[in-house]
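**Q** Each chain, letter by letter, is given below.
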Amino acid sequence: MTTEIDIARLAEMIVQHRKALGVGVREAAGQIGGVSASTLSRVERGNLPDLDSYMRLCRWLDVSPTYFALEAASGSDAPAPEATMPEKIRMQLRSDPLLSPETKKALLTMIEVAYAAAKAGHLSSESQV
Amino acid sequence: MPQQKQDTSAQNRKSKDGLLRGFKAEAERIATRTRSSVGKSPWEACPAQSVARHLGFPVFPISHLVTLLRAEELGIVGSIEERTKDLEHLLIETSGVHATVLELDEYRMIFHRDTSSPERVESDLMHEIAHILLGHEGCYVDPRSSFSLPSISKQMELEAQWLGAALQIPERGLFALVRQGYSNEAIAHRYGASLQQVTHRRQRLAIDTRVARGRL
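Protein sequence lines correspond, in order, to chains A and B. Residue 1 is where the first sequence starts when you use the working numbering, and the numbers rise one by one after that. Residue 130 is where the second sequence starts when you use the working numbering, and the numbers rise one by one after that.
Some hints could be false.
As the list claims (entries may be wrong) - Sample of chain B residues at the chain A side, in silico, Cβ under 7 Å:
#: 1; residue: Ile209
#: 2; residue: Asp215
#: 3; residue: Val226
#: 4; residue: Ser245
#: 5; residue: Pro247
No lab work stands behind these hints: they were computed from the structure. Just so you know, these numbers come straight off a predicted model, no measurement behind them. No residue lacks a Cβ here, since even glycine has one placed at the ideal position from N, Cα and C.
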């Protein structure tokens with residue numbers, strides 16, 4: 001079985017996500033961390049990133065690294081990658097009215113980690129600390 | 130030209146502190162009923178965790194997620210260090226986050242910042258519980274689009290503030306304790322509240338005037 005990356009889909013999703021956030025390439029690269037603006041620009045134009053950059057991009061897009069995998073037809077019945085984020089998210093915060101980008105990013109991480117913890121049975125009433 | 134009549138009906142429906150007329154009495158009834166459902170009278174402390182769990186929302190400190198993450202028990206792919214750093218950011222005062230109610234698919238939970246004082250944690254949790262009891266819906270989040278939090282209406286916030294305070298320091302209990310001569314400090318200790326909360330509540334409910342008149 002061979003696996004390739006759907007670079008066109010990756011590029012499209014990066015551009016869409018960047019536009020949804022209303023940021024330019026330089027600012028997006030800053031948000032991603034560890035990826036230069038020039039690298040980001042090359043990936044948006046359809047060039048394959050190195051592994052470290054790829055992992056950072058997936059993290060920024062909130063998808064699993066296998067999300068862009070293209071598998072050659074091999075009859076494999078490997079299961080689809082498990083979702084890292086829930087389908088439905090409802091949140092209520094007691095917080096200051098204005099939240100920094102850093103706090104918003106942290107909240108998304110909290111959702112991701114809480115979801116994983118809940119699925120693993122660590123957040124039931126019985127496990128309340 | 131005839132003078133335009135001003136619509137005062139909306140204004141007349143609200144008390145001077147912005148709550149709809151009748152809401153405060155209803156909030157006290159909700160608080161009494163809720164505390165009773167976890168076996169607590171108006172004269173004793175009612176731990177917010179008990180109420181939250183009774184409503185189906187277990188409570189956890191944010192640091193619990195940090196512990197689970199570091200123990201690598203969650204099968205998360207990618208940087209644990211970066212995620213830990215994100216979560217640790219939520220523990221500091223400047224993050225601006227005090228408590229969060231989350232509904233993730235079928236899972237429900239409340240997280241609080243455990244670096245806050247115990248009195249602050251109780252107040253924050255009761256505030257969130259108040260929103261739940263009042264049926265105030267939180268926002269639906271799509272993390273793949275631009276992440277923005279719609280503002281909760283000012284009216285909802287005022288209502289949750291009042292009900293949260295009533296859950297923690299019920300009017301009946303406060304009236305009785307003041308009449309018996311308890312100090313604000315003793316009352317705060319009894320309810321697990323801050324001195325400021327007790328003072329504020331005592332003032333908002335005009336408890337001293339009512340005790341002097343001998344009427345709840």
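**Q** If a hint holds in the structure, say so; if it does not, say that too.
**A** Going down the list of hints, with the structure as the test:
1. Ile209: For Ile209 of chain B, the interface hint is violated, since the closest Cβ of chain A sits about 10 Å away, which is over 7 Å.
2. Asp215: Since the shortest Cβ distance to chain A is 4 Å, the answer is holds.
3. Val226: 5 Å, holds
4. Ser245: 11 Å, violated
5. Pro247: 14 Å, violated
Consistency with the previously given hints fails for numbers 1, 4, 5, ordered from lowest to highest.
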